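Protein chains: 2
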Amino acid sequence: MIGVAINGYGTIGRRVAYGVSVQDDMYVTGIVKNTPDYVTKQASRYYNIYVPDSDKKKEFEESGIKVKGTLKDLLAESDIVIDGTPEGSGEKNLKLYKEYGIKAILEGGERSDAAESSFNAYSNYADSMAKNYVRVVSCNTTALARTLTPIRDAFGIESASSTILRRATDPNDNKKGPINAIEPSMSYPSHHAGDLKTVMKDINIETTAVKVPTTLMHVHVINLELASQPGTQEVLNALSQKRRIILLNGGEKINSTAQVMDYARELSRNRSDLYEIAIWKESINIYKNRLHYIQAVHQESDVIPENIDAVRAMFGMEQNLSVNKTDASLDIKGVEY
Amino acid sequence: MIGVAINGYGTIGRRVAYGVSVQDDMYVTGIVKNTPDYVTKQASRYYNIYVPDSDKKKEFEESGIKVKGTLKDLLAESDIVIDGTPEGSGEKNLKLYKEYGIKAILEGGERSDAAESSFNAYSNYADSMAKNYVRVVSCNTTALARTLTPIRDAFGIESASSTILRRATDPNDNKKGPINAIEPSMSYPSHHAGDLKTVMKDINIETTAVKVPTTLMHVHVINLELASQPGTQEVLNALSQKRRIILLNGGEKINSTAQVMDYARELSRNRSDLYEIAIWKESINIYKNRLHYIQAVHQESDVIPENIDAVRAMFGMEQNLSVNKTDASLDIKGVEY
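Going down the list, the sequences are from chains A and B. Per our numbering, residue 17 is the first one in the first sequence, and the count goes up by one each step. Per our numbering, residue 17 is the first one in the second sequence, and the count goes up by one each step.
Bear in mind the hints are in silico, worked out from the structure with no lab data behind them. Since this is a predicted model, take the numbers as computed values, not measurements. Virtual Cβ for every residue (Gly too), placed ideally from N, Cα, C. Careful, some of the hints might be misleading.
To be verified - Coverage of chain B stretches by chain A, computed from C-beta distances (three or more under 8 Å per stretch; other residues unrestricted):
| no. | stretch |
| --- | --- |
| 1 | 128-142 |
| 2 | 181-193 |
| 3 | 203-215 |
As the list claims (entries may be wrong) - The calculated SDA-like cross-link candidates involving lysine to any residue, where the alpha carbons are at most 20 Å apart (straight line), are:
| no. | chain 1 | residue 1 | chain 2 | residue 2 |
| --- | --- | --- | --- | --- |
| 4 | B | Lys82 | A | Leu283 |
| 5 | B | Lys82 | B | Asp95 |
| 6 | B | Lys227 | A | Ile195 |
| 7 | A | Lys82 | B | Lys88 |
| 8 | A | Lys192 | B | Tyr54 |
| 9 | B | Lys269 | A | Trp296 |
| 10 | A | Lys269 | B | Gly266 |
| 11 | A | Lys82 | B | Leu283 |
| 12 | A | Lys269 | B | Tyr54 |
| 13 | A | Lys269 | A | Lys304 |
| 14 | B | Lys258 | B | Lys227 |
| 15 | A | Lys269 | B | Gly193 |
| 16 | B | Lys227 | B | Gly266 |
| 17 | B | Lys269 | A | Met333 |
| 18 | A | Lys147 | A | Met333 |
| 19 | B | Lys269 | A | Ser284 |
| 20 | A | Lys192 | B | Ser272 |
| 21 | B | Lys191 | A | Glu268 |
| 22 | A | Lys349 | A | Thr230 |
| 23 | B | Lys74 | A | Asn265 |
| 24 | B | Lys84 | B | Ser133 |
| 25 | B | Lys88 | B | Ile118 |
| 26 | A | Lys304 | A | Ile195 |
| 27 | A | Lys82 | B | Thr230 |
To be verified - Example chain B residues on the side facing chain A (calculated, C-beta under 8 Å, incomplete):
| no. | residue |
| --- | --- |
| 28 | Ile198 |
| 29 | Lys269 |
| 30 | Ile270 |
| 31 | Ser272 |
| 32 | Ala274 |
| 33 | Asp278 |
| 34 | Tyr279 |
| 35 | Arg281 |
| 36 | Glu282 |
| 37 | Ser284 |
| 38 | Asn336 |
| 39 | Asn340 |
Start from the sequences and build out the full structure, keeping to the hints where you can.
Here you go:
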């Protein structure tokens, strides 16, 4: 059993903790939280709670939360740490992880050269085999890699272009915005294009990012120039081979992210999450070698299966074995609509 | 075992179906759906599917959904029906239910005199004992009855006033609004005041309703003139005696409905629902005999335990026994923060 420490228990950290807890070859040694808030109180029902430094102990214990030890104590008794601390902190924490001789996973907010490899289970699993320091790419990059990989493998991609409509903030945040504006990023291409190349080396892609006032999901409008001219059914077949992609049928009234996340609630999953990338079938349009489609991305959870697989890659398990185990444990079936 | 039919499987119907399915003295005989959409497809994993009329069968079966029969077939094999059809339809359907000699529960969108009694588990459970046609009051009225009852019982209420900040629409809807406006109701008092009197007969209350652009929860600002002058701790004690009320600690960063619903997700419940009415502790303020507090209401789910209790009242079970059973089955513990 691989002992997994979770440092940081925010949007990603808490979901990775859940994901690890339902595997049969790894377990959560403990989680590190910085404040004794309502999330920590709930977490203490399931996990051992650790604090960054011993001077935090008192504050937690005054809130009625039992503290098992400090981050260093936790690292000493774990085989790997998954770092879900705020953007940029993971790279700093890496020094400590190296000191403790422990493997570490960073998330997509960190610079790609902070780790030995960047990871996506479909596009470049093998790059992280037996590595010590791996970075799981962000939710948007994960989504692009996940659907572009089977398309590239089946038909070849000459060039790709995507408009990324980003949710303004996560559902549990009441501070950030915009709440009534559309905010284009002035960087072109947006950082997603470069980030995708860390897991799909030769992809020729440009991306544009625009923030919109919603918290539910990101949406990607994707246009590809293929190396061949497939029919719609061939494209559907290629996408259907991957369980972490689901095909939505707009005709069944699932025509906005409001319904996509409502569908997720109907699946009876933990936190009502949607691990899969959802592509609207009706949006798939082909003209000669040009393929167009639209996908929705649950930013809070699509990277969770990737983190689980990254752990297994780093301990030497082969790709298909890991992906199959992860999908079975999280009820990821590639449901087609 | 009481056989419960669910006619209509929208926001309330689907949650009532889940609630019934986790009881040990009742079960879901089947659900009636009008369209073979994505919700129906998921529901068919758990429940027998019925259609309103036999001419709908073909449409469902073409979508790959097995149909067990029609509404009439379902009524013939059930002991009670819970009507979750759109507002105003329940009263029309009641004729059919009477024809089939079956007990029926209507929801809060129906007129109060359509049923023999209106129901809230805390304020007037006994009024529905052994009745055949009962109406469970709406989410907002349920919330008011739930927190005003223990306050009235402990301290007496001379008069009550509430500003009801209503969510614009439910999370799974992408059509209604407002999405960028605040929309006061010009009816004064709003219908909630009269509705509350159907379950708290002598309450002296005025309500004002204002729609705001959010989908997560309603929020009630409540001002009471009490018959006595309790201290804050006495008010907290009175509220703490009811498990369907939880007290939130704003100091633990749970300071908006965004965090309240995030807290609900951390509870690992079905559909990430929050059955309890959440009162912010810090909002409880007392000046002489005037009590002020603010509560948040999960409009999709607070009436679910009430529907379960209404079934039991109609079959003659005593109040405490039913409330205890319902709360245990839905993990309602009256968590205090």
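Hint-by-hint comparison with the structure:
no.: 1; hint: 128-142; result: violated (count 0)
no.: 2; hint: 181-193; result: holds (count 4)
no.: 3; hint: 203-215; result: violated (count 0)
no.: 4; hint: Lys82/B <-> Leu283/A; result: holds, 19 Å
no.: 5; hint: Lys82/B <-> Asp95/B; result: violated, 23 Å
no.: 6; hint: Lys227/B <-> Ile195/A; result: holds, 17 Å
no.: 7; hint: Lys82/A <-> Lys88/B; result: violated, 56 Å
no.: 8; hint: Lys192/A <-> Tyr54/B; result: violated, 32 Å
no.: 9; hint: Lys269/B <-> Trp296/A; result: violated, 37 Å
no.: 10; hint: Lys269/A <-> Gly266/B; result: violated, 38 Å
no.: 11; hint: Lys82/A <-> Leu283/B; result: holds, 19 Å
no.: 12; hint: Lys269/A <-> Tyr54/B; result: holds, 7 Å
no.: 13; hint: Lys269/A <-> Lys304/A; result: violated, 29 Å
no.: 14; hint: Lys258/B <-> Lys227/B; result: violated, 28 Å
no.: 15; hint: Lys269/A <-> Gly193/B; result: holds, 19 Å
no.: 16; hint: Lys227/B <-> Gly266/B; result: violated, 24 Å
no.: 17; hint: Lys269/B <-> Met333/A; result: violated, 41 Å
no.: 18; hint: Lys147/A <-> Met333/A; result: holds, 12 Å
no.: 19; hint: Lys269/B <-> Ser284/A; result: violated, 27 Å
no.: 20; hint: Lys192/A <-> Ser272/B; result: holds, 13 Å
no.: 21; hint: Lys191/B <-> Glu268/A; result: holds, 16 Å
no.: 22; hint: Lys349/A <-> Thr230/A; result: violated, 28 Å
no.: 23; hint: Lys74/B <-> Asn265/A; result: holds, 19 Å
no.: 24; hint: Lys84/B <-> Ser133/B; result: violated, 32 Å
no.: 25; hint: Lys88/B <-> Ile118/B; result: holds, 11 Å
no.: 26; hint: Lys304/A <-> Ile195/A; result: violated, 40 Å
no.: 27; hint: Lys82/A <-> Thr230/B; result: violated, 36 Å
no.: 28; hint: Ile198; result: violated, 13 Å
no.: 29; hint: Lys269; result: holds, 4 Å
no.: 30; hint: Ile270; result: holds, 5 Å
no.: 31; hint: Ser272; result: holds, 4 Å
no.: 32; hint: Ala274; result: holds, 4 Å
no.: 33; hint: Asp278; result: holds, 3 Å
no.: 34; hint: Tyr279; result: holds, 5 Å
no.: 35; hint: Arg281; result: holds, 5 Å
no.: 36; hint: Glu282; result: holds, 4 Å
no.: 37; hint: Ser284; result: holds, 6 Å
no.: 38; hint: Asn336; result: violated, 27 Å
no.: 39; hint: Asn340; result: violated, 22 Å
In terms of the numbered hints stated before, the structure departs from hints 1, 3, 5, 7, 8, 9, 10, 13, 14, 16, 17, 19, 22, 24, 26, 27, 28, 38 and 39, listed from lowest to highest.
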